[in-house]
Amino acid sequence: MTNTALTLNYKNNTIEMTSIFAKKAGIYGSKEYEMLLDARKSFPTFRVNILKAKKGQTNRLKGVTLETMFKYISEHDNEKKEIMAAFNEMVSQNKDDGYVLENGITFVEIGQWFLLQFPEYNKPKDFKEMLKTKIAA
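Residue numbering for the sequence shown follows the numbering used here, starting at 390 and increasing by one per position.
Only pairs whose alpha carbons sit at most 27 Å apart, straight line, appear in this in silico BS3-like list of lysine-lysine:
no.	residue 1	residue 2
1	K451	K413
2	K470	K451
3	K441	K400
4	K430	K441
5	K470	K460
6	K441	K412
7	K413	K441
8	K412	K400
Pair by pair, the computed Cβ-Cβ distance ranges are:
no.	residue 1	residue 2	range
9	G418	K470	44 to 52 Å
10	K469	E498	20 to 28 Å
11	K470	D427	35 to 43 Å
12	H465	S431	37 to 45 Å
In short, the hints are calculated from the structure, not lab data.
Glycine residues also receive a C-beta, built at the ideal position from the N, C-alpha and C atoms.
Please construct the entire structure, taking both the sequences and the accompanying hints into account.
What follows is the structure, encoded as C-alpha coordinates:
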(Lines of atoms letter the chains of each structure in order from A and count residues from 1; the text may use other names and numbers.)
(Lines give C-alpha, C1' and ligand atoms only; values in the text may rest on other atoms or scores of the structure.)
Protein backbone atom coordinates (compact mmCIF):
# COMPACT_ATOMS: atom_id res chain seq x y z
CA MET A 1 0.00 0.00 0.00
CA THR A 2 1.29 3.46 -0.87
CA ASN A 3 1.99 5.72 2.09
CA THR A 4 0.13 8.99 1.75
CA ALA A 5 0.20 10.22 5.34
CA LEU A 6 3.97 10.82 5.41
CA THR A 7 5.57 12.68 2.52
CA LEU A 8 8.87 14.41 1.79
CA ASN A 9 8.78 17.99 0.58
CA TYR A 10 12.16 18.60 -1.03
CA LYS A 11 11.32 22.20 -1.89
CA ASN A 12 10.82 23.17 1.77
CA ASN A 13 13.13 20.49 3.23
CA THR A 14 10.35 19.11 5.40
CA ILE A 15 8.89 15.76 6.34
CA GLU A 16 5.14 16.30 6.20
CA MET A 17 2.45 14.21 7.85
CA THR A 18 -1.23 14.43 8.61
CA SER A 19 -2.40 15.01 12.17
CA ILE A 20 -3.87 11.49 12.27
CA PHE A 21 -0.50 10.04 11.25
CA ALA A 22 1.23 12.21 13.88
CA LYS A 23 -1.00 10.77 16.63
CA LYS A 24 -0.21 7.22 15.53
CA ALA A 25 3.51 8.06 15.25
CA GLY A 26 3.41 9.16 18.89
CA ILE A 27 2.88 5.54 19.93
CA TYR A 28 6.27 3.95 20.54
CA GLY A 29 6.86 0.93 18.32
CA SER A 30 3.91 1.54 15.98
CA LYS A 31 4.31 1.22 12.21
CA GLU A 32 3.95 5.00 11.89
CA TYR A 33 6.58 5.57 14.58
CA GLU A 34 9.02 3.37 12.67
CA MET A 35 8.25 5.16 9.38
CA LEU A 36 8.84 8.59 10.92
CA LEU A 37 12.03 7.39 12.62
CA ASP A 38 13.30 6.01 9.29
CA ALA A 39 12.48 9.27 7.48
CA ARG A 40 14.25 11.34 10.13
CA LYS A 41 17.34 9.12 9.90
CA SER A 42 17.35 9.37 6.11
CA PHE A 43 16.82 13.15 6.11
CA PRO A 44 18.33 14.53 9.33
CA THR A 45 18.28 18.15 8.12
CA PHE A 46 14.56 18.10 7.27
CA ARG A 47 12.07 19.64 9.70
CA VAL A 48 8.92 17.72 10.64
CA ASN A 49 5.69 19.49 9.69
CA ILE A 50 2.15 18.41 10.59
CA LEU A 51 -0.28 19.34 7.82
CA LYS A 52 -3.57 20.98 8.68
CA ALA A 53 -6.65 21.15 6.50
CA LYS A 54 -7.46 24.57 5.13
CA LYS A 55 -10.00 26.47 7.19
CA GLY A 56 -13.57 25.90 6.09
CA GLN A 57 -12.85 22.72 4.18
CA THR A 58 -12.80 20.28 7.08
CA ASN A 59 -16.58 20.23 7.46
CA ARG A 60 -17.12 19.88 3.72
CA LEU A 61 -14.84 16.82 3.63
CA LYS A 62 -16.12 15.26 6.85
CA GLY A 63 -17.03 11.65 6.20
CA VAL A 64 -15.73 11.81 2.62
CA THR A 65 -13.59 8.90 1.48
CA LEU A 66 -11.89 8.11 -1.80
CA GLU A 67 -14.78 5.77 -2.53
CA THR A 68 -17.39 8.50 -2.01
CA MET A 69 -15.34 10.81 -4.25
CA PHE A 70 -15.28 8.09 -6.93
CA LYS A 71 -19.06 7.64 -6.75
CA TYR A 72 -19.72 11.39 -6.84
CA ILE A 73 -17.40 11.91 -9.82
CA SER A 74 -19.06 8.98 -11.63
CA GLU A 75 -22.44 10.65 -11.25
CA HIS A 76 -21.34 14.25 -11.97
CA ASP A 77 -18.48 13.97 -14.50
CA ASN A 78 -18.51 15.93 -17.75
CA GLU A 79 -19.27 14.27 -21.11
CA LYS A 80 -15.60 13.61 -21.93
CA LYS A 81 -15.04 11.98 -18.50
CA GLU A 82 -11.99 14.22 -17.94
CA ILE A 83 -12.48 14.56 -14.19
CA MET A 84 -12.62 10.79 -13.72
CA ALA A 85 -9.49 10.39 -15.86
CA ALA A 86 -7.64 12.88 -13.63
CA PHE A 87 -8.94 11.12 -10.51
CA ASN A 88 -7.73 7.75 -11.84
CA GLU A 89 -4.23 9.22 -12.35
CA MET A 90 -4.09 10.18 -8.66
CA VAL A 91 -5.90 7.16 -7.21
CA SER A 92 -5.69 3.48 -8.04
CA GLN A 93 -8.03 0.73 -6.98
CA ASN A 94 -6.54 -2.32 -5.35
CA LYS A 95 -8.45 -5.50 -4.42
CA ASP A 96 -6.81 -5.76 -1.01
CA ASP A 97 -6.47 -2.12 0.03
CA GLY A 98 -9.42 -0.49 -1.76
CA TYR A 99 -8.58 2.93 -3.16
CA VAL A 100 -4.93 3.98 -2.83
CA LEU A 101 -3.38 7.41 -3.48
CA GLU A 102 -0.49 7.49 -5.94
CA ASN A 103 2.73 9.50 -6.35
CA GLY A 104 2.90 10.88 -2.81
CA ILE A 105 -0.39 12.76 -3.06
CA THR A 106 -1.97 13.33 0.34
CA PHE A 107 -5.65 12.96 1.13
CA VAL A 108 -5.75 16.67 1.97
CA GLU A 109 -4.44 17.51 -1.51
CA ILE A 110 -6.91 15.27 -3.30
CA GLY A 111 -9.70 16.63 -1.10
CA GLN A 112 -8.78 20.18 -2.15
CA TRP A 113 -8.67 19.10 -5.80
CA PHE A 114 -12.07 17.43 -5.43
CA LEU A 115 -13.62 20.60 -3.96
CA LEU A 116 -12.14 22.66 -6.81
CA GLN A 117 -13.76 20.32 -9.33
CA PHE A 118 -17.10 20.32 -7.50
CA PRO A 119 -17.40 23.58 -5.55
CA GLU A 120 -21.07 22.85 -4.85
CA TYR A 121 -20.27 19.57 -3.07
CA ASN A 122 -21.52 19.51 0.51
CA LYS A 123 -21.77 23.31 0.72
CA PRO A 124 -23.97 24.65 3.47
CA LYS A 125 -27.31 25.70 2.07
CA ASP A 126 -28.34 29.34 2.17
CA PHE A 127 -31.26 29.05 4.57
CA LYS A 128 -32.37 32.65 4.09
CA GLU A 129 -32.92 32.02 0.38
CA MET A 130 -34.75 28.78 1.15
CA LEU A 131 -37.04 30.59 3.60
CA LYS A 132 -37.84 33.33 1.06
CA THR A 133 -38.70 30.68 -1.52
CA LYS A 134 -40.95 28.78 0.90
CA ILE A 135 -42.65 31.96 2.11
CA ALA A 136 -43.30 33.15 -1.45
CA ALA A 137 -44.86 29.79 -2.41
